[in-house]
Every structure is written in C-alpha cells, then in structure tokens.
Amino acid sequence: MSTDQTVDTAVDLGLEAAIEGSAPTHEELRGHQWLWIMRRSLGLTRTRIGLGIVVLMVAIALFGRFVAPHSPTEFVAAPNAGPSANALFGADALGRDVFSRWLYGGLTVLWLSTAATIVGIVLGTAVGLVAAYSRNWLDDVLMRGNDVLLSFPAIIFILLAVSAIGPKLWLLVITVGLTHAPRVARVMRGAGQEVVERDFIKAAEVVGEKRWRIVAGELLPNVTSPLLVEIGLRMTYSIGIVAAVSFLGFGLQPPTADWGLMINENRLSISIQPWAVFLPILAIGLLTVGTNLVTDGVARAAIGLDRGGKS
Amino acid sequence: MLGLVGESGSGKTTVGMALLGHVRRGGAVGGGSIRIDGRDLSALSQGDLRKLRGGTVSYIPQDPGTSLNPALRIGTQLTEILEAHATSMTAEQRTARLREALEEVALPSDDTFLKRYPHQLSGGQQQRVAIAMAFANRPRVIVCDEPTTGLDVTTQARVLETVRDLCRSHQVAALYVSHDLAVVAELADRVAVMYAGRIVESGPRERMFSAPRHPYTRRLLRAVPDIAGKRTVVGIPGHAALPGSRPEGCFFHPRCEFAQDDCRKAFPPVTDLGAAHQVRCYHIDQVAREAPPEGAGQADAHQIGANVVLAVQSLDAHYGSRHTLFDIDLEVHHNECLALVGESGSGKTTLARCVAGLHKDYTGKVRLGDDVLPGAARSRSNQARREIQYVFQNPYASLNPRRTVGQAIARQLTLFEAAGGRGEVGRKVSECLERVSLSSSAANRFPDQLSGGERQRVAIARALAADPKLLVCDEVTSALDVSVQAAIIELLGKLREQMGLSLLFITHDLALIRTIADRVIVMTDGRIVEQGTTEHIFTAPSAEYTRKLLANTPSIEVALGNVTAPAS
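Residue numbers (my numbering), protein chains in the order written: chain A, 1 to 311; chain B, 1 to 568.
Accuracy of the hints is not assured; some may be wrong.
What the hints assert, rightly or not - In the PhoX-like style, the derived pairs of lysine-lysine whose C-alpha atoms are separated by at most 25 Å in a straight line are:
id	chain 1	residue 1	chain 2	residue 2
1	B	K360	B	K469
2	B	K51	A	K210
3	B	K365	B	K469
4	A	K210	B	K494
5	A	K202	B	K115
6	B	K469	B	K494
7	B	K494	B	K428
8	A	K202	B	K265
9	A	K210	B	K428
10	B	K428	B	K469
11	A	K202	B	K51
12	B	K548	A	K202
Said to hold, decoys possible - Just a few of them, taken from the derived set where beta-carbon distance is under 8 Å, the chain A residues facing chain B:
id	residue
13	E74
14	A77
15	P79
16	E194
17	V196
18	R198
19	W212
These are calculated hints, taken from the structure and not from any lab test.
Even glycine gets a Cβ: it sits at the ideal position worked out from N, Cα and C.
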C-alpha cells in the first residue's frame, strides 16, 4: 500500500465520521452563529412570549395609524371626557381621542430607540474590538475615554446636550447612542480579549492582513453571542430613555402624538381620565418587557451554546 | 508495574479511575468487578471506598498544578492525607512519616519547605509532592495517570526514576497510564494496549515491543519515532473509533490491513499465546507472517541546495524587560529541514516568531534570500510574507472557527495571488487540499467538524497556498496522537520533496528530529549550545546539555537493550 493511498483513506473515513457526528440541520448555520443562537432561543417559552409581545407592539406602532378612528390632533370630545362610542378610551386634557393618539404615538419611540441602539452598538462594538485588538496605548486611551463618558448619568448627559442645542430628534438619537456606546464597548472588549489571544489572529497577522480586516473578519464573527445579548439589552434601555426624554418634553414637541409626551400632557388629570396616562404606560411597559424577554432567551441560548462546546 | 497504553479517547484514564472506585460524572460501571487484595470494590460502601483511596490505592494525577490546592501549604496537604488514613499515628509519628515521604522523592523536608505553597514550586517539584502524597500511606496499588505529560524530558526522567524506585522499594503495584510508548517501555514490566475502550493486546514488555501480534499494536509501534535510530514513521490510516460511533465487530477493522469478513461480525475473543501474552484478533498468524508496513519519503536522502533561504544573524530578543534570545546565528538552506530543539523556556518559539514577524522586539538581522526583513510582519513586503509561512502548534486555535476550510484557504490565495474568478479560486482550493491528502469536499467544513490531524492538515494546506519557500513549523505535532503525528510527519516529508520546501522545525521531541531533520540546533536559555547534522548530534554530541537531553529521552530500543543509549 503506498503512502498516498494510506493517507487518502484516512481522510475519507474521517470526513464520513464528521458528517455522521453532527446534526445536518445546523450545517448551513455554523458560519452564522447568530442565526443559530436565534433558532435555539426560539425553543424557549420566554423568547416566544417576548417575541409575541414585541411583534404586537411594533405592529401597533407601525400600522396603528391606519386603523385609527380619528386624526391625532382632532378635537372629538370635551377635555378629559370618559370613554364613549365616539372615543373608545375617552378624550385627553385637550379633548383629543386618546385611542387615536395612542395608535399614532408609538412610531417615534420605536424608530428613535432603534436608531439610538444601532448608533450605540456600532460605535461601542468598534471601540471595544479595536481596544481589545490593539493591546497598547490605544486600548488605554479608548477605555479611559469610555470611563469618562460612563461617569455621566445617561439622562443628565442627554438633557445637557438637548438643552444646549435644542430638542432635535437626530440629537436625541446620537446622545442616547453615545450613552450606550461605552457600556457596549466594555462588554465587547472583554469578549474580544479572549479571542485575540488565539492563534488564528496571529496567523492572520503573519500573512499581513489589514488591521480592520482582522477586527471585522476574524474577531467580530467570534463575539456574536455577547453582541446579540447587548443589542437586545440596549434596545430595552433605549425605549425607556427615549420615552423618559419625551416625557420631560425634550423629545417630540406638541401637538405630535407620542407615548412619552402623552403621559406628561395628561398626568394632572390622571384621577379623572386615567386611560390617557395608562394606555401609553402600558405600551412602553409591554415593549420593554417584550424586548427584555427576547434578550433573556437569546442570552440563555448563547450560554447553552458555550457550555455545549459547539463554538 | 503494568503500563496501559492508548491514544486519546481510548478509555485509559477511565480504567485508571475505575481502579480507584471512581466513575467520572455522567458515567456508570456497567458490570465486572475490580478486586484489590481480594476485596471487590463494587461491594464497598462510599465510606469504605474513601478509606481505600489514598490508603490502599492511591493516585498520581496528570497535572499536579491543578490537583494540589493552591491555598494550602505543602505541609498541611500532606498532613491531611496522613490524618485521613493513618488514624492511629501520633502527631510526632505523622511528622516523621511526612518528612520521610518527602525525602523519598528527593525533596527537602525542612520546615521552610513545608510552609511553601504549591505555586512556589516548579512543575517537577509539584509532581514530586503529588508522588510523596501518593506513597505516604504505603499503598498497595498506585494509579499513575500520565504523570509526566506536561514536564520537560529532564524533569520527566527524574520523576520516572523516583516512581520506579519507590515502587520497587515499597513493593507497590502500579498501573501506569500513558500515551507515550517510550516511557512505558522504560518503566513497565507488562504492557496492555487499549483501543476504543477495549484492551486489544497485553503481555510482557519485551514481547509486546519486539513481537506484537495485534495489528494495532504493530502499527502504533511503527508510528513512534525513536532517538536510537533514523527510521521512517508510518501513520495509521483512518480515525480512532469514538464512543457512540464504534463499528460492528472488531473496533479496529476499518483501519486494519488484515481485516476480513469475520472481523466485521463480532469482536474477536481473547487468544492466549502463552507467557501471559494475550491478543484479541482473528488473524494473529497472518500478522506474525507479514512484515510491518514500510513508510516512504522522509528518511530518503535528498538534495539540499547550496543557496541559503533564511539567515538569522546575531539576533538578540527581548520580551518586555526580559532578555530571551542571545546572539543567535543560523542558516536554512534550500530544501533543508533544520530542527530547533530545546526544553520549554529555551526561546525556540520566540526565535520562530522573530523569523515570522510576530515578535518584533529584537536586534540583529533576519535575512530572506538577500533581503534583510523588517521586524513586524506588517512592515514586510508581500513577497516576504508569502515566502515565510508559519504553522502553529495547536490546530484547534489556529483556524478561525467561523470560517470554512475553503474560505480560509481562498483568503490566503487572494492575499498572495492576483485573484482569479470564483471558479479559479475554487479549483485552486481543491488543489491545495489534495496536496495535503484531504478530499476537496473538506472545503465546505468548519474546523470543529474535523479531527485534530485533519485540522493540522488544513493549517498546512493554508500555509502552502501561499507557495512559500520556508515553512516554520512550531511544535506542529505536539497536540496530536502518535499515529496522527506520524501521518503529519509523512506528509511534511512528501511535501518537502515535491515542492522543494525548506523547513524550520521547532520541537521538544528529540526522537521526532531524528526522523525528519537534516540538521539540528540545540537551544537552552536563549542560547544555541550546539548545532550540527542530525547524525552528528545523535551519535557524537559535544555539548554537555545535548548529552543530558539525549540520555533523558526515553527510547523503546534502548529500554529493550537492542542498542546502547546514544552518546552515554
């Protein structure tokens, strides 16, 4: 038997064994770990419930305006009127339909917090992974800069920026994103540090891969599980912060319908017309609970994945 | 002393644990009995078992660094063992025994030593403490689970000697579990070979090593390099059968050249060959008649070119504030395999990294052909990066788990060549895989779907995709089983012939060098202590250190008395 044949047999047998040993359904997902984690997390009840809530709330925010009985700025009843046939949940402090305003009011919360999350995640991941990869003065500069940002309480930082420049929506997106970024950066740096020490990073350095390619191509795909969890977590916080800023009057300006703003406008008449406050609170609460449940499920799926050693 | 030999996953540690009446989590003993001095372990209660362990049966673990409690002083840990078992002893007697136990393993027994913590000891000392603990209660049986795996050869030799002497002087039976055939050959009286959870052959040491009758034992022996002579190593085709996917009949038949229909039906019964030599194989007569398989390639004489591919000139390297390499000079010629050998901490990996551009904190020159290379890989020309390729020690870490084999190789191709179309790259990837004897379907696999040997082949294929002149191999086989190691060595030999490669082969394993290298450089403490042709180093070493290293390297041939130890 020649050497070549010997070795060839070895290979064929080996690959067969490998095929038998792994579940074929996951074959195509191995390179896309995030897809795999998502699929696993869907097996958990908490994720399903969370996802159901999120889908419902997003549907209301996106399509509610098309089924709203009235315009959000139309006066339909006496101020603080109770529920009637014309206004299902009564009228607000100015006599506008609470239900219609509620159906209109979710979109801004949703897109503002989504945009802010994207800004925070992209910025934070970039900073965190670059810091993890550089392992030198740059790491120190980035992380200390991070600490400076972290030392500001999020809401104070946002209010400061908004009161200086004005209640612009883009500013809200950027500032909320900026308050997330250092927290994301910290997590991603921690996850990246472990990966950076592995030999395949050195293998890429030896052949002269560009730095950004190592960070984006070698490092990033290996930190997807903490990244997924961060995305969910930051989304939850974003919703809360955006709603809070609107409530304080630094977000959308009247007469636009917005959940945060609605709570503020109607809080004085809460004892007469509780629906005008209760409905937006319920919406914001459900949305955060929903995203949080999904995040929790994803985190569990990712941990199980690490424990299972199927990295 | 019984040596239990097997490759990873063969179940040898599980057997060792069972002797202690211990089953690893998730496992259960299905049947059978274990008797020590006539007492059946399975009949004992947990409490009795606990008394038995450490008393009648004791254990020397693989890694003393993790088995000693880092928060307790050495003295406290030894006293604990004595208190648990020798309950009738007085405190003075215990202290006396404790000092005796330490003296037996040639450790200091004064109070300053007893007050030390494990982290203040070297790896060899920690293992001696573990041995002292194992012998402290004068056990009847000792289970040694690869106690020297993490140690350098010099330390290993001393630890092995200690174990052997103690077993003799105290009349202790020992089960020595190991994957290292040479160590077992030096130590054991009888040897048992395990494959996929079964003992396939057992017998007296001499017969097992000189006239093995099971095909697996025979092939295993052909896969082991030896310092006593230049020999070709031959890998075992196929894969070790893993629990859960074991074949019908004889577990070894898919890899066995003697396999017939009967092998596929039922596991062979025990055949007694006399002199306590037992085999489980249907075709022992045929095995005895035929000569063992011969390898081709790596031992053949080949033409070493006159031109120097790589030259390192007066290289000094630092690691932080530590000076790690001193005045290194070396040259690698065209189509030559230069081996760098040294124990851990000798600086051999740092040297390799300086060459590859991974460690830039050095002074001196690294020349590739006529060009002096800059320190960092990033500042080198694409040409220089292409010509020096690096293969890492651990194939489990050197491949990105999120990339398919094909993607990894294709990336290498596009980095160093004018990238062709998709079809072109795909064809070249298949070519690269075929070169390392992997089928082209491997391109769609992720690293975790491959075995260690296959991953290392992929790593080599990736390096070769750049069409290098010099391949730097950093302990490329140390994470692999012997049969896989042999296959990789075969492959490297073949590739060197075909592609006219030069190899800088870094290893701690002298026996491996004898098989593959043309010239050898011996390093210790960041200095070159000796260099010369392989024959010269092994037959007439001039440096004291080289002689010591050779004398301490275990060898099957020397242990059997077939040859005298080289240079001693």
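Checked hints:
no.	hint	verdict
1	K360(B) with K469(B)	holds (21 Å)
2	K51(B) with K210(A)	violated (61 Å)
3	K365(B) with K469(B)	holds (18 Å)
4	K210(A) with K494(B)	violated (33 Å)
5	K202(A) with K115(B)	violated (42 Å)
6	K469(B) with K494(B)	holds (15 Å)
7	K494(B) with K428(B)	holds (19 Å)
8	K202(A) with K265(B)	violated (49 Å)
9	K210(A) with K428(B)	holds (23 Å)
10	K428(B) with K469(B)	holds (19 Å)
11	K202(A) with K51(B)	violated (50 Å)
12	K548(B) with K202(A)	violated (34 Å)
13	E74	violated (54 Å)
14	A77	violated (59 Å)
15	P79	violated (59 Å)
16	E194	violated (11 Å)
17	V196	violated (12 Å)
18	R198	holds (5 Å)
19	W212	violated (13 Å)
Consistency with the previously given hints fails for numbers 2, 4, 5, 8, 11, 12, 13, 14, 15, 16, 17, 19, ordered from lowest to highest.
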